[in-house]
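Engineer: Read off the chains here:
Protein chains: 2
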Amino acid sequence: MRIGILGYGNLGRGVESAIAQNADAELVAVFTRRAPESLKINSNAKVLNVSEIENWKDKIDVLILCGGSATDLPEQTPKYAEMFNVVDSFDTHAKIPEHFENVDKAAKKGGKIGVISVGWDPGMFSLNRMYANAILPEGNDYTFWGRGVSQGHSDAIRRIEGVLDAKQYTVPVESALEAVKACKNPSLSTREKHTRECYVVLKEGADAKKVEEEIKTMPNYFADYDTTVHFISLEELKQNHSKIPHGGFVFRCGKTGLNKEHNHIIEYNLKLDSNPEFTSSVLVAYARAAFKMFKEGQTGCKTVFDVAPAYLSPKSGEELRKTML
Amino acid sequence: MRIGILGYGNLGRGVESAIAQNADAELVAVFTRRAPESLKINSNAKVLNVSEIENWKDKIDVLILCGGSATDLPEQTPKYAEMFNVVDSFDTHAKIPEHFENVDKAAKKGGKIGVISVGWDPGMFSLNRMYANAILPEGNDYTFWGRGVSQGHSDAIRRIEGVLDAKQYTVPVESALEAVKACKNPSLSTREKHTRECYVVLKEGADAKKVEEEIKTMPNYFADYDTTVHFISLEELKQNHSKIPHGGFVFRCGKTGLNKEHNHIIEYNLKLDSNPEFTSSVLVAYARAAFKMFKEGQTGCKTVFDVAPAYLSPKSGEELRKTML
Numbered sequence: 003m004r005i006g007i008l009g010y011g012n013l014g015r016g017v018e019s020a021i022a023q024n025a026d027a028e029l030v031a032v033f034t035r036r037a038p039e040s041l042k043i044n045s046n047a048k049v050l051n052v053s054e055i056e057n058w059k060d061k062i063d064v065l066i067l068c069g070g071s072a073t074d075l076p077e078q079t080p081k082y083a084e085m086f087n088v089v090d091s092f093d094t095h096a097k098i099p100e101h102f103e104n105v106d107k108a109a110k111k112g113g114k115i116g117v118i119s120v121g122w123d124p125g126m127f128s129l130n131r132m133y134a135n136a137i138l139p140e141g142n143d144y145t146f147w148g149r150g151v152s153q154g155h156s157d158a159i160r161r162i163e164g165v166l167d168a169k170q171y172t173v174p175v176e177s178a179l180e181a182v183k184a185c186k187n188p189s190l191s192t193r194e195k196h197t198r199e200c201y202v203v204l205k206e207g208a209d210a211k212k213v214e215e216e217i218k219t220m221p222n223y224f225a226d227y228d229t230t231v232h233f234i235s236l237e238e239l240k241q242n243h244s245k246i247p248h249g250g251f252v253f254r255c256g257k258t259g260l261n262k263e264h265n266h267i268i269e270y271n272l273k274l275d276s277n278p279e280f281t282s283s284v285l286v287a288y289a290r291a292a293f294k295m296f297k298e299g300q301t302g303c304k305t306v307f308d309v310a311p312a313y314l315s316p317k318s319g320e321e322l323r324k325t326m327l
Numbered sequence: 003m004r005i006g007i008l009g010y011g012n013l014g015r016g017v018e019s020a021i022a023q024n025a026d027a028e029l030v031a032v033f034t035r036r037a038p039e040s041l042k043i044n045s046n047a048k049v050l051n052v053s054e055i056e057n058w059k060d061k062i063d064v065l066i067l068c069g070g071s072a073t074d075l076p077e078q079t080p081k082y083a084e085m086f087n088v089v090d091s092f093d094t095h096a097k098i099p100e101h102f103e104n105v106d107k108a109a110k111k112g113g114k115i116g117v118i119s120v121g122w123d124p125g126m127f128s129l130n131r132m133y134a135n136a137i138l139p140e141g142n143d144y145t146f147w148g149r150g151v152s153q154g155h156s157d158a159i160r161r162i163e164g165v166l167d168a169k170q171y172t173v174p175v176e177s178a179l180e181a182v183k184a185c186k187n188p189s190l191s192t193r194e195k196h197t198r199e200c201y202v203v204l205k206e207g208a209d210a211k212k213v214e215e216e217i218k219t220m221p222n223y224f225a226d227y228d229t230t231v232h233f234i235s236l237e238e239l240k241q242n243h244s245k246i247p248h249g250g251f252v253f254r255c256g257k258t259g260l261n262k263e264h265n266h267i268i269e270y271n272l273k274l275d276s277n278p279e280f281t282s283s284v285l286v287a288y289a290r291a292a293f294k295m296f297k298e299g300q301t302g303c304k305t306v307f308d309v310a311p312a313y314l315s316p317k318s319g320e321e322l323r324k325t326m327l
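As they're listed, the protein sequences go chains A and B.
Going left to right, the first sequence walks through residues 3 to 327 as our numbering numbers them.
Going left to right, the second sequence walks through residues 3 to 327 as our numbering numbers them.
It should be emphasised that the hints constitute simulated quantities derived from the structure, not laboratory data.
Computed from a prediction, not measured in an experiment: that's the story for all the values here.
Errors might be hidden in some of the hints.
Because identical chains cannot be distinguished in the list, a pair is counted as satisfied if it fits within a single copy or across any two copies.
Unchecked claim - In the EDC-like style, the derived pairs of lysine to aspartate or glutamate whose C-alpha atoms are separated by at most 20 angstroms in a straight line are: (1) Lys-262 / Asp-275; (2) Lys-257 / Asp-26; (3) Lys-61 / Glu-215; (4) Lys-42 / Glu-237; (5) Lys-183 / Glu-54; (6) Lys-111 / Glu-214; (7) Lys-211 / Asp-275.
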C-alpha cells in the first residue's frame, strides 16, 4: 500500500520510521505546510507542499494525518476523507462524536474509509476498556497514565511568565495501583490516582517561588493533584528529560458467579520509550485496515471498535489462525 | 437474544450465570445427553434431551456449545452450525484450521454464523498477540500461564495407579517474568518459563515414591518442567484446592525508531478466580456478536480475529464512541 503523510512533526517522523518496518507499506509522499525544501526527511519519499495534495489522489492508497487535535484534524480529516482513505489520531475525547459525524459524511461522499482516534488512548486503551466491559458487565474500570511525559501539561508550564522550558511527568500513585490489582475496587479521587512531577528551567531573574505557586494552583492542569516542582538547569533538562516516554494501565475488575463470588481482573498495560513512535505504529496498522476495508467496498468513518482485528495484520486469515490463535 | 446451552458441566453452568448478568440475553433451553430430569439447573430454562434439539431451530438465536475439545466439539460444532448460530471454545490449537474448515462449510450451508475457539486462550490472549504483532512488527512474544489449575495435568496425575485425586497448578517463573518485563528479550526454555506444583491424594497402600517418580518423568506433561509433588489428605485437597482459578500474561516486546532505539512493552494479563466462569463470560459476549452478524446477513465460520469489537457490546456505536473511546 502506498502511504502519504500530512504533517512532519514527531508523529509524522514516527509514521515514516514505522512504515520502514512494514514490508507491505511504502511511503510515497510527505505533505507539509512549510516550504518543502526546508524539510529534511529520513526516506526517499517526495516532499511536497500541501497545496499539491489533490494531484496525488490516485497515487496514494492511505493518507495518514499527523496534525494536532486542537485545530488541524477537525478541519483536515473531513476535508481529505473525501479524496483519500485517511487515518488520524484525533484525541479530544469529548469532541469525538462530532468529529465522527463530519468524517463519516465526507468519507461516504467520496467513497472512502476514514479511521479516526487511532493510537493508544484513544485507541488500544479504548479497545481494552470495551472488550473488558463486554466480557464482565458487572465491575469497575480504572485507567492510569504514566509514568510519562504529558505534552499538554509541559506546554502549560512553558506559558508561565519566567519559564524558559519545562517537562511534566504524569505518575500513577503506586498504592492506588496496588489496591486495584488486589481487586479492592477502590473509589479514587483525581488526587489519589496520579501525581505530577515538573522539571522547570527558569529564565534569568525569574521568581522561583512565584512560578512554583502558579504551577501548583493552575486549574484543570495541576490544582487537583499533588504536584512537585524541581528547578533545574537547561543542560540538565536536555540531558535527562529530552525523551518522550509514556504508557499506562487499563484495568477492569469484575465479578461473576451465581452469588457474584468470583473476582476477575483484566489488565492491559503499556510501557513506551517513545509515545509518538508507538502511536505512529498503531496508525500504520490501521492504515492497512483502512485500505483492506476500502478494497472490500466499505465506506464511511470507523473507529477501533468497528475494525475487525484481522484487518490490521499483513497475514492472511489462514496464517493468523495457524500461528496466533 | 434467546440462548441455548448444549452440555451442562462447569462451562455450561458458567454460561448460565453469565447470561443472568446480561440484560439482553435470555437462557431458554439447556440440552443434555443425560436424562433431563436428573439435571438440576439454576434458572427457569427448559431442560431437554439433546435428541429434541432440532425442534428448537426457530426458538433459539444462538446455541452455546459447552462440550469438550477432545471429542465433543469436533463433531458437535459443524453439526449444529447448520441449524443454529453457534459459539464454541474449541481449544486444541493444532486442530483449529481443520475445525474452522468444517464449521465454515456447515455454517455457510445453513446460512448461519459459527464462532469458534472463544475464551481466553484461544480467545483474548490470541487477540492480544495479534494486535500487538500488527502494531510492533519487530519484537518477541511471550505467553505465560498461571498461577492456575490445569485440568489436563490434574487428569494426567489422576490416571496414575495409586492416585485417588489430584490438582496441578501451573506457575510462571518469577525471574522469567521479570526479565520479560525489563525488556531483556530473554530466550526461555520450557523449564525456564513455568514450574508445576502437584497436590496428590494417595489411595491406601500406594507407594508415594513410585507415584512421585511417575509424575515427574511423565513425557509432555511433566518431564520438561521442574515439578514439585505434595502428598496431602483428601480433606485438605477439598478444603484448599477445590477452586479452579487461572490466568496468565501475554507480552510483546518490540522496537521502533530509525535505529531501533526505542523499546515498547505491551502486556495483557488476567487473574481469574474461576476459569470456566470467565471463559463463559467471553462466550456470551461472542454469542451477542454472532447474532448481530447473522442479522446483518453474514454467514460462515469466524474467530475472534474476524469479529469487530463493537459487535460484542450491547451498546450502540454512538454510545460506545461517547463513553469508551
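Engineer: Indicate, hint by hint, whether the structure satisfies it.
Structural biologist: Evaluation of the provided hints:
1. Lys-262 / Asp-275: between (40 angstroms within a copy, 11 angstroms between copies)
2. Lys-257 / Asp-26: between (43 angstroms within a copy, 18 angstroms between copies)
3. Lys-61 / Glu-215: Cα proximity of Lys-61 and Glu-215: none, with 54 angstroms in one copy and 68 angstroms across.
4. Lys-42 / Glu-237: The answer is neither: 26 angstroms in one copy and 74 angstroms across copies each exceed 20 angstroms.
5. Lys-183 / Glu-54: neither (52 angstroms within a copy, 46 angstroms between copies)
6. Lys-111 / Glu-214: neither (52 angstroms within a copy, 71 angstroms between copies)
7. Lys-211 / Asp-275: neither (32 angstroms within a copy, 51 angstroms between copies)
In the structure shown, a violation is registered for the earlier hints numbered 3, 4, 5, 6 and 7, in ascending order.
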